[in-house]
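**Student:** Chains as they are written, first to last, in this note's numbering: chain A, 27 to 329; chain B, 36 to 272; chain C, 8 to 344.
Hints are not guaranteed to be accurate.
[Stated by the list, open to error] Here are some of the chain B residues that sit facing chain A, going by a computed Cβ distance under 10 angstroms:
1) I108
2) I123
3) N133
4) L151
The hints are simulated quantities; they were obtained by calculation from the structure and are not laboratory data.
Beta carbons: idealized from backbone N, C-alpha and C, even for Gly.
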Amino acid sequence: MDTFLAALFSGTSRGAIYALVALGLVIVWRGAGVVNFAQMGQAMFSTYIASTLIQNGNSYWVGFFVALFAGAALGALLDVLVMRPLSNKKKTELLSSESMRAAIPVIASLGILGVLQALAGIIWAAEERGFPAPAAQEGFTVAGSVMPFTSFDVFVISIVLITLTMTTIFFKKTGVGLAMRATALNQEVARLSGIRTNFTRTLSWAISGAASSLAGLLITPTSNLSPNTLDLVLIIGFTAAVVGGLDSPAGAVLGGFIVGLVISFVTFYLSPEDVFISILAVLLIVLIVKPRGILGGKDSRRV
Amino acid sequence: MLKIENLTTSFGSVIALDGVSMTAQESKITTVIGANGAGKSTLLRTISGLESPSAGSITWDGRSIVGLKPEDIVRAGIAHVPEGHAVISELSVEENINMGSLFRRRSHKSDVAASLDEMYQLFPRLQERRKQLAGTLSGGERQMLAISRALVSRPKLLLLDEPSLGLAPLVVEQIIDCVNTLCRSTGLTVLLVEQNANTALGVADHGVLLALGKVVADRPAAELKADSSLRAAYLGY
Amino acid sequence: MERIHVVSSAAKNPSIIRRSFRRTIFFIIAILAIGSTFEPYNQAQLAVVLIYFIGVLSVTILTGISGQISLGQGALMAVGGYTTALLMTNYSISLWIAVPASIVGAGIAGALLGIAAARLSGPYLAGTTLVIALAIPTIANRFMSVFKGDEGLPVDVGYPPSWFTSLFGEPTYEEWQLYVVLPFAAIALFFASNLLLSRTGRMWKSIRDHETAAALTGVNYSRQKIYVFIIASIFAGLAGALYGLRGLVGPSVYPVALSLTLLTAAVLGGIRSIFGAFIGTVIVVFLPDWIDLVLDNFELSEQVSNFMPALISSLLLILTVVINPAGVAGGHHHKHK
Numbered sequence: 027m028d029t030f031l032a033a034l035f036s037g038t039s040r041g042a043i044y045a046l047v048a049l050g051l052v053i054v055w056r057g058a059g060v061v062n063f064a065q066m067g068q069a070m071f072s073t074y075i076a077s078t079l080i081q082n083g084n085s086y087w088v089g090f091f092v093a094l095f096a097g098a099a100l101g102a103l104l105d106v107l108v109m110r111p112l113s114n115k116k117k118t119e120l121l122s123s124e125s126m127r128a129a130i131p132v133i134a135s136l137g138i139l140g141v142l143q144a145l146a147g148i149i150w151a152a153e154e155r156g157f158p159a160p161a162a163q164e165g166f167t168v169a170g171s172v173m174p175f176t177s178f179d180v181f182v183i184s185i186v187l188i189t190l191t192m193t194t195i196f197f198k199k200t201g202v203g204l205a206m207r208a209t210a211l212n213q214e215v216a217r218l219s220g221i222r223t224n225f226t227r228t229l230s231w232a233i234s235g236a237a238s239s240l241a242g243l244l245i246t247p248t249s250n251l252s253p254n255t256l257d258l259v260l261i262i263g264f265t266a267a268v269v270g271g272l273d274s275p276a277g278a279v280l281g282g283f284i285v286g287l288v289i290s291f292v293t294f295y296l297s298p299e300d301v302f303i304s305i306l307a308v309l310l311i312v313l314i315v316k317p318r319g320i321l322g323g324k325d326s327r328r329v
Numbered sequence: 036m037l038k039i040e041n042l043t044t045s046f047g048s049v050i051a052l053d054g055v056s057m058t059a060q061e062s063k064i065t066t067v068i069g070a071n072g073a074g075k076s077t078l079l080r081t082i083s084g085l086e087s088p089s090a091g092s093i094t095w096d097g098r099s100i101v102g103l104k105p106e107d108i109v110r111a112g113i114a115h116v117p118e119g120h121a122v123i124s125e126l127s128v129e130e131n132i133n134m135g136s137l138f139r140r141r142s143h144k145s146d147v148a149a150s151l152d153e154m155y156q157l158f159p160r161l162q163e164r165r166k167q168l169a170g171t172l173s174g175g176e177r178q179m180l181a182i183s184r185a186l187v188s189r190p191k192l193l194l195l196d197e198p199s200l201g202l203a204p205l206v207v208e209q210i211i212d213c214v215n216t217l218c219r220s221t222g223l224t225v226l227l228v229e230q231n232a233n234t235a236l237g238v239a240d241h242g243v244l245l246a247l248g249k250v251v252a253d254r255p256a257a258e259l260k261a262d263s264s265l266r267a268a269y270l271g272y
Numbered sequence: 008m009e010r011i012h013v014v015s016s017a018a019k020n021p022s023i024i025r026r027s028f029r030r031t032i033f034f035i036i037a038i039l040a041i042g043s044t045f046e047p048y049n050q051a052q053l054a055v056v057l058i059y060f061i062g063v064l065s066v067t068i069l070t071g072i073s074g075q076i077s078l079g080q081g082a083l084m085a086v087g088g089y090t091t092a093l094l095m096t097n098y099s100i101s102l103w104i105a106v107p108a109s110i111v112g113a114g115i116a117g118a119l120l121g122i123a124a125a126r127l128s129g130p131y132l133a134g135t136t137l138v139i140a141l142a143i144p145t146i147a148n149r150f151m152s153v154f155k156g157d158e159g160l161p162v163d164v165g166y167p168p169s170w171f172t173s174l175f176g177e178p179t180y181e182e183w184q185l186y187v188v189l190p191f192a193a194i195a196l197f198f199a200s201n202l203l204l205s206r207t208g209r210m211w212k213s214i215r216d217h218e219t220a221a222a223l224t225g226v227n228y229s230r231q232k233i234y235v236f237i238i239a240s241i242f243a244g245l246a247g248a249l250y251g252l253r254g255l256v257g258p259s260v261y262p263v264a265l266s267l268t269l270l271t272a273a274v275l276g277g278i279r280s281i282f283g284a285f286i287g288t289v290i291v292v293f294l295p296d297w298i299d300l301v302l303d304n305f306e307l308s309e310q311v312s313n314f315m316p317a318l319i320s321s322l323l324l325i326l327t328v329v330i331n332p333a334g335v336a337g338g339h340h341h342k343h344k
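With the rest of the complex left out, here is chain A (with noise of 0.2 angstroms):
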């Protein structure tokens, strides 16, 4: 029963965290149609810019916010830098191909993660650092026997809860929300409503971004810092945005949840080895059966 409990608190835990990242890559592929490849360099560049504001003395809550505003930012040079003047290209040859517009931004993203570590390399080094946590990592102690469950996961769960609901009615009930909606759904309907569809492009890219170094912050401390730690978060991500359905928010949390526990147990009852392949089936078995995830939508492009 222990384990049992140790593996279903640690998988809801890590779980926010995962679906954190699937909802970054939501709202960036809903909003500007691009599947972030780069968005966990992101996030560990932004982890670093805070690491190294707490090792000089700064509290970890002005890493913290600033690490967020970092990322914001990041996101949205990106989107102004490489992925706005990709999409004004003029159709070339190249272009007018189905599959090569959907791959070249993939392999844009590639580039900008490749940057983003070799750029870290460069800055801190490839040294691997510790990252502090604000609260404490050990179990809670309830009636003389440890539980599974730390203050710290209390605070990630909490952090995520905070931040889907603010992301819900962000995206709900405001004008912006709402222009970043019609947008990602009909671009050219909204410029017609006077919607600046350059500008809420850029704002899913800036979102997105606070939100998987929000990610980052929170993955950091059970782990190091490095500029590839972060690459195996992209790949959970990924498969819990997909598992949920990459269309969907909604879809992005319940795929990080599922996600988390999966890996959770996984750990706890076979072995840390097989997480990777438990991923890969999970991925695999998602993709066979409902490819656009468990809450995405038909699939329509059946000819």
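Add chains B and C to chain A, keeping to what the hints say.
**Tutor:** For chains B and C alone, coordinates are given in the frame of chain A:
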């Protein structure tokens, strides 16, 4: 007043608009008619900024709007209701309408709510369905919705692209009547593109006949309507 | 049922075979000529260029011609490499048999990958293949006894046969590498050239350009996509096998970055042509050295110079995609419809 001079728009080697010149008089309904492929939609899309012309000028209220982004042209008072998919199916009716007034929320805060109410007065069916997703609406209702979205931006010029497409005659009549009333009561300038020339010429003040991207006739609507040889040659009836 | 007309339809069109043959001969002569002027270090690099070239061709075929983006070509190279290593080490099979056998192994892996991938496109495909590529170290660790985990399997390429040494004299280690790889590269080039020029190649291009339209004209594009994967995997497997011949097969030899390197090379050089594949490969293999040459003029810390090549090639990738997606060879190549 909208003034178009020598407008040319091409797509690769296809010339969709070939030196089109015309005006849309203030507070009047001008209709652009012609067969399929005559360039009517391209004309509206070039005016609203979705397409860039390769030559020519478009002057609105004295200033040139060629090269402006669609978002800015809306702010200049021109609203375009494109043909076909002019509403966003995954958003609710109310969200669709509100889309059109988003850019006014800061400058004309109080008017935004008023404009929404006006649309509900104009199209009570939309009010009934305000929370429903736009995709669940009938064709006629969707057209009303699209027009509402355009109207809440408080345009001075309304570009309507084939509002009758795919709609039953009764519904078409309702919509055209509505537009006509709007024009006469509020002084809205309307540029109406229509395949259904008869209906269009019935309400319009002025008519422009387009064929293969060129202006073939530019006359008061009543004259055009009466000219049977022109109709036979270009409109097929 | 559509069949692959790699040689047969080309055979119906002898001019295709002639063209491919000419290109291949020119290629062989050029490589031999250039290689003989090189220093041993650069000869070894040239061998690597040839190996990567074959791997990049797999990207050109998969992405440039049929429009499917895969980040797992490195993994398919690993399949080829491991097969060769296992056959040579455990069963003492000569490399001239082991390598072709590895191609079969890679082809099978490619078929499996293709079946999974046929229903996917764009980011789904990219992400899934990336996950698979990342799975290599895990699998190597999981079945330690067979794959020897992180350590990997050593490969001994052996000595040149006596008939060779009596004809051409004793080659250096680097020269021998070149001589082993060159025939395979030439064959790969020949087949790739045939493929791209043939009717099959054109059919695949139609899938790339208008997937929905191609489906409507009756092309069974799901099946074709799998075939493309198989063919591309064969190229990748061959490259991987040859790469392993350099001495070691293990996760460190086939990291995730390898898939990205192949993709970078293909895009930089020109994703749609064989010539582009070659140019891209040359750039990617020689770039670190060129950068070091330039950077030697500046006093840079080791920290910076370690990551500069990666930074510059990633920047080049972004710039290529944004400014000239057709790559170096792109604009100038005669149009293949």
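**Student:** Each hint: holds or not?
**Tutor:** Hint by hint, here is what the structure shows:
Annotation: interface hint on B/I108 holds; nearest CB of chain A at approximately 9 angstroms, less than 10 angstroms. With a least beta-carbon distance of about 5 angstroms to chain A, the hint placing B/I123 at the interface is held under the 10 angstroms criterion. The beta carbon of B/N133 comes within 6 angstroms of a beta carbon in chain A, closer than 10 angstroms, and the hint placing it at the interface holds. For B/L151, the interface hint is violated, the least distance from its beta-carbon to any beta-carbon of chain A being 13 angstroms, above 10 angstroms.
The earlier numbered hint that this structure contradicts is number 4, and it is the only one.
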